[in-house]
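Trainee: Make a model of the complete structure from these sequences and hints.
As they're listed, the protein sequences go chains A and B. So the number in the numbering used here is just where the residue sits in the first sequence, counting from 1, plus 115. So the number in the numbering used here is just where the residue sits in the second sequence, counting from 1, plus 179.
Simulated from the structure, these hints should not be mistaken for laboratory data. Bear in mind that the values here come from a model prediction, so they are computed numbers and not experimental data. Careful, some of the hints might be misleading.
Using 30 angstroms as the maximum straight-line C-alpha spacing, the simulated DSBU-like pairs for lysine-lysine come out as follows [to be verified]:
id: 1; chain 1: A; residue 1: 147; chain 2: B; residue 2: 378
id: 2; chain 1: B; residue 1: 396; chain 2: B; residue 2: 378
id: 3; chain 1: B; residue 1: 396; chain 2: A; residue 2: 147
id: 4; chain 1: B; residue 1: 342; chain 2: B; residue 2: 378
Which residues of chain A face chain B? A partial, calculated answer using Cβ under 10 angstroms [what the hints assert, rightly or not]:
id: 5; residue: 123
id: 6; residue: 125
id: 7; residue: 153
id: 8; residue: 157
id: 9; residue: 158
id: 10; residue: 163
id: 11; residue: 171
id: 12; residue: 217
id: 13; residue: 282
id: 14; residue: 283
id: 15; residue: 284
id: 16; residue: 298
id: 17; residue: 300
id: 18; residue: 303
id: 19; residue: 324
id: 20; residue: 328
All residues carry an ideal CB built from backbone N, CA and C; glycine is no exception.
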Amino acid sequence: MHIPDGYLSPSTCAVLYTGAAAGWYSALRRLKRVLLSRVIPLISVFAAFSFVVMMFNLPLPGGTTGHALGVTIAAIVLGPSGAILALSIAIAIQALFFGDGGISTLGANCFNMAIVGSLVAYASYRLIAAGTALTSRRRVVAAAIAGYLAVNAAALLAAFEFGIQPVLFHDANGTPLYAPYRLSIAIPAMMIGHLTFAGLAEAVISAGLVAYLQVADPALLRATSGVAASAEGIAERPAARSLQTLWIATAVLMLVTPLGILAAGTAWGEWSPAQLAKAPAQAQDANPPQSVPSGLQRLSNLWTAPFPAYAPSFVRSRGFGYLLSAMFGVGFLLALSLVLRLLLQRYRQREYSA
Amino acid sequence: MKRGFLEATTLGFARALTRAMLAEQVARQRGLLQSLDPRVRVAGLFMLVLAVTLSRKMTVVAGLFGLALAIAILSRVRIATLATRVWLAVLAFTGVIALPAIFVTPGHPVATVGALTITEQGLRTATLLILRVETAVTFTTLLVLCTPWTHVLKALRALRLPKEVITMLAMTHRYVFLLVETASQMFESRRSRTVGILKPAEQRHMAARTAGVLLSKSVSLSTEVYLAMQSRGFRGDVETLSDFRLTMWDYCGLLMFLLAGSIAVWMGR
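Mentor: Given below as structure tokens:
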């Protein structure tokens, strides 16, 4: 999955470097809040460990072999920020010291594997293993699924990056200048290998490592377990300050929702049957539909929204309607998450008392 | 003969160590790249990699490949090393990826092979991709072979990378070799005590156990390093020595890299 130099256009590389830089900056900033002198050797040694794990030639079911990334175990032990930095360091050493993976594509490789891989692995592990004891069997399954999902998410992203190259970057003759396959070929070609072998390799090593740590060193699993706070691991601190920032950002976003009124026309692909019926007259598209598709016509009346077009019928002002819709939406989601939290807490209490 | 899991992994570790040692040897030789300041080397070769990716014309990329070859010869890098380590490996990897493009890329048909049609655009895109990747990887390999890792790090520091990141890169590099050697010894010892053929499920269990032990060792190693850093008074501030001085020769080298890169970008636009 390491993309070498020459497969991606410079502008794609620049965009992905920017995305990766944002991830690195955020991860470094979060870790600086923890004791930096403790974090530096831990991340360095973990990066070296990930590097070595990538060299393991894992035997897979079916008689083949595969290489893991080590991103999942990093996310489970270090948390997402630590995993982002450890994997990025390992990928940088592979590129700069061993010439494996490109220099211009270093941002893309780090973005796909280190940033997206770590976040997907961490989120899916936490979600599946939520509320279970450190030695629970579910944690092993969660690690396997998280590893499988993380590798495939990174591969899908790389396939997408390959697939947009011929569409965006070709010469006047139509010759693709970088990766030559469109999305219709790039995605299946990339995903077949990862859905079958590479994803499986990461699943095998992640599950095996979690099972080993449950017996040999369960303290290493505590930092991201959600079971109890740890003084040893690099647990992501549930800082009140970051929640405060989230509340302020949500409030600001709610206040600026009426800005949507300024936009002219309808969002592409969000037409109602009536808007689509007018399309042939208005569209700049070379082949606009001549009539509303029968399926769209039939299904459009399936559900009538309580606030159609973000404007409740009893409100005259469109701006106020937008605000009201935003408040209702946020309030509904908050209520839903509170109910889920209550249910989860009850479930955990039952499990611990059992 | 088909290698088993233990042999294949141990061989992989040995290859990595050999490649690292070769880089140290080449970096100590006297040659064109070695004579330049590491900052000029890193910046110059990065510029040339960028020029390779920016060039849209095959002739210009071919010209840059010629330049990479000339730099390699003047830097006393063996062409056989480049051929086996870079060109054949890239050809095998990128060639397999690029080959179907000659059939599936829409364009003017030039020949037919059975039911498949080769298009002019397909041939051009496949050749351009292989040439581009070969050239870029050759420049990267020249940097890796001709620059000791410590110099790469100092050059990256000069390019304003955060000190913490440089420290982590340096430490990781150091512990990569320690952990590669530890893992290699663990596999060797297991191999010496293995009679017969392990079943795939047993191999997977063994790989996971080995990785687990390695992880536990890594974490306790990080604790030892942390304590060592504490005992030496480390308070989170990283200081790096920079004894590099740019000479007239380095400025000439930087100008040459800049000129070559700019001309390639201008001609290949």
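Trainee: Could you run down the list of hints and mark each one as holding or not?
Mentor: Hint check:
1. A/147 / B/378: violated (46 angstroms)
2. B/396 / B/378: Since the Cα atoms of residue 396 of chain B and residue 378 of chain B sit roughly 27 angstroms apart, the hinted pair holds (cutoff 30 angstroms).
3. B/396 / A/147: Status holds; Cα separation ~25 angstroms.
4. B/342 / B/378: violated (47 angstroms)
5. 123: holds (8 angstroms)
6. 125: holds (5 angstroms)
7. 153: With a minimum Cβ separation of about 5 angstroms from chain B (threshold 10 angstroms), the hint on residue 153 of chain A holds.
8. 157: holds (4 angstroms)
9. 158: holds (6 angstroms)
10. 163: Since the shortest Cβ distance to chain B is 4 angstroms, the answer is holds.
11. 171: holds (6 angstroms)
12. 217: Residue 217 of chain A check passes; min Cβ-Cβ to chain B is 6 angstroms, inside 10 angstroms.
13. 282: The hint is violated - residue 282 of chain A has no Cβ within 10 angstroms of chain B, the shortest such distance being about 12 angstroms.
14. 283: Cβ of residue 283 of chain A sits 13 angstroms from chain B, so the hint is violated.
15. 284: Holds. Min distance 9 angstroms.
16. 298: For residue 298 of chain A, the interface hint is violated, since the closest Cβ of chain B sits about 13 angstroms away, which is over 10 angstroms.
17. 300: holds (7 angstroms)
18. 303: violated (12 angstroms)
19. 324: holds (5 angstroms)
20. 328: holds (6 angstroms)
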